[in-house]
Amino acid sequence: MTSNLKTQIRAFIIENYLFGDTSHPLDDATSLIENDIIDSTGVLELVTYLEDTFQISVHDSEIVPSNLDSISSIASYVASKTILQQSVA
Amino acid sequence: MRIESILRQTAKRLGNKTVLIAGDKRLSYAELDDLSDRLAASLWSQGITRGDRVLVFMNNCWEATVAIYAILKAGAVFSPINASTKADKLAYIVENCRARAIITQEKLSAIAVEAIGLNRACELVVARAGDESSHPGTHSFSRMLQVAPPSVLHGGIDVDLAMLIYTSGSTGRPKGVMMSHRNIEAAAASITTYVQNVEDDIILNVLPLAFDYGLYQLFMTIRSGATLVLETSFGFPQAIFDVMRREHVTGFPLVPTMAALILQMRDMEPGFLPDLRYVTNTAAALPPAHIARLRELFPNVRLYSMYGLTECKRCTYLPPEQLEHRPGSVGIAIPNTEAFVVDDEGRAVEPGTVGELVIRGPHVMQGYWEDAEATGRMLRPGPNPWEKVLYTGDLFSMDREGYLYFVGRKDDIIKTRGEKVAPKEVEAVLHACEGIAEAVVVGVSDPVLGQAIRAIVVLSNPALTDREIIRYCAKNLEDFMVPKSVEFRASLPKTDTGKVSRRLAAEPQES
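Just so you know, the sequences run in chain order L and A.
Each residue of the first sequence is one higher than the one before, counting from 1 in my numbering.
Each residue of the second sequence is one higher than the one before, counting from 1001 in my numbering.
A couple of the hints might just be wrong.
To be verified - Simulated restraints, written as ranges between beta carbons of each label pair: (1) L:SER72 / A:GLN1322: 26 to 32 Å; (2) A:GLN1264 / L:SER66: 18 to 24 Å; (3) A:GLU1373 / L:THR22: 43 to 49 Å; (4) L:TYR49 / A:THR1465: 17 to 23 Å; (5) A:HIS1325 / L:ALA79: 35 to 41 Å; (6) A:LEU1395 / L:ALA79: 50 to 56 Å; (7) A:SER1045 / L:SER66: 40 to 46 Å.
Think of the hints as simulated: they come from the structure by calculation, not from any bench.
Values in this document were obtained by computation on a predicted structure and should not be read as measured data.
Heads up, the beta-carbon is just placed ideally off N, CA and C, and yes, glycines get one too.
Given the sequences, and given the hints that come with them, work out the whole structure.
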């Protein structure tokens, strides 16, 4: 499931922050902030996208680099949130 | 007094005190003084001398602060360059000011090498490159810090230039604003007076050091004997708030975009930054609703609305106790300066009448680097025969008690994310993009950015998409100058003389 998630998140990042430029080096572990791929308004757009696409609710305290600063951390974060929500349901 | 002398004095008084916290790195006043002495000696031995221009092309990092003071200690002039600047523009700046060196960091060094090109007069110093730099002919920053520093005797005085800070020019090319040591010190002294900075202050700065609002946090910190916490991004506000709580931050400079981001957060409790004493905002007035919410979130915090332009650093501030009574005002002239509103003939207008804001004081720039014409438009004769005053190009009105209100720009300059963008600079890039026949750039109102940049284009290649155009711009412009949206039209409105009319283009299209 995570690899599917990663593909989806990567596609969103390339489309929205790199404007479709696939030549930009973007590993799963690349820091999005340190490499100037997203800025502060970009993080908000990312949060809105994750909430809408994966039906999760992102709390302010979760908007931190360990959850959202790379494709793999975003994928793990989304996976943990969706599992949590399923178990609650 | 020269800016580096202020560091030397504070270092003598407070040597062991922490001046800078940047990530894991902490520098004391003595260390910053010593490291900048060493780099100054190395720059001097490389031939950098009094009056030479040296670019600081870096992110917010401790090395940038060392570089700035080292350049001044060598008697030279520093120019802070936004880290997202592309090679073309950097090359223009190198040529324009005949830069003798660029101090940069590893990840930007390829851009710096490209910008220097065949310009043999310009040296390259690369920080964090390890002992050996990856580009031949460049100097390693860390090696340059290893020399034992003989003191540099450059003979400079405080009316010498300290800084060239490039600002988006209405002609489409950036202009270098010339600030002397005395200009910078006058502005920093004035601001620290009304913000009431003290030695115990700990200031958090996420704004780029290449942006004067961010840069002056450094000067204000050092002249107050305070501490600066330097961060690179406001992308994760929670992470910044953690740092602010851990370091007991007392001062927090904002731009409206950051305020909008904070106010979009959902779980903030009033008083979540318990040590905070003051918050400043500049670049554009905050909407009254934002002011009200900020006051709720930051009880007992002095909130300053301010206004300024690079050409004099800062013009006005609203004393915090006035915020409730005049939330739409950006206040009064900063201490030891004057601000007045004039008509087209330069005569002061009555309260309530709109006119151009004019600034007088020791913080007004020396002019634009080697651009007498542009300088003449901004610096004009004032009320006294012995001096020039600064015509800001901003339209203001003043109320009966002397408080100032921003009305609009006289020209087409767009203010986005707190930074000024000249439409022509963006249009020049669009015109170079294959497949675009005509382009005009306008600012559209945006709740977070203040104004967002919109490109209105006529295509010669109908297959070109908005994404491709934005990507092209992202490769050729600093981040904040890249259009957020693209609108396609069959033609652009023209004036009687056949020029594209930005004003008519900005009007909404009838559908």
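Verification of the hints:
| no. | hint | verdict |
| --- | --- | --- |
| 1 | L:SER72 / A:GLN1322: 26 to 32 Å | violated (50 Å) |
| 2 | A:GLN1264 / L:SER66: 18 to 24 Å | holds (21 Å) |
| 3 | A:GLU1373 / L:THR22: 43 to 49 Å | holds (45 Å) |
| 4 | L:TYR49 / A:THR1465: 17 to 23 Å | holds (20 Å) |
| 5 | A:HIS1325 / L:ALA79: 35 to 41 Å | violated (52 Å) |
| 6 | A:LEU1395 / L:ALA79: 50 to 56 Å | holds (53 Å) |
| 7 | A:SER1045 / L:SER66: 40 to 46 Å | holds (45 Å) |
Checked against the numbered hints above, the structure violates hints 1 and 5; every other hint is satisfied.
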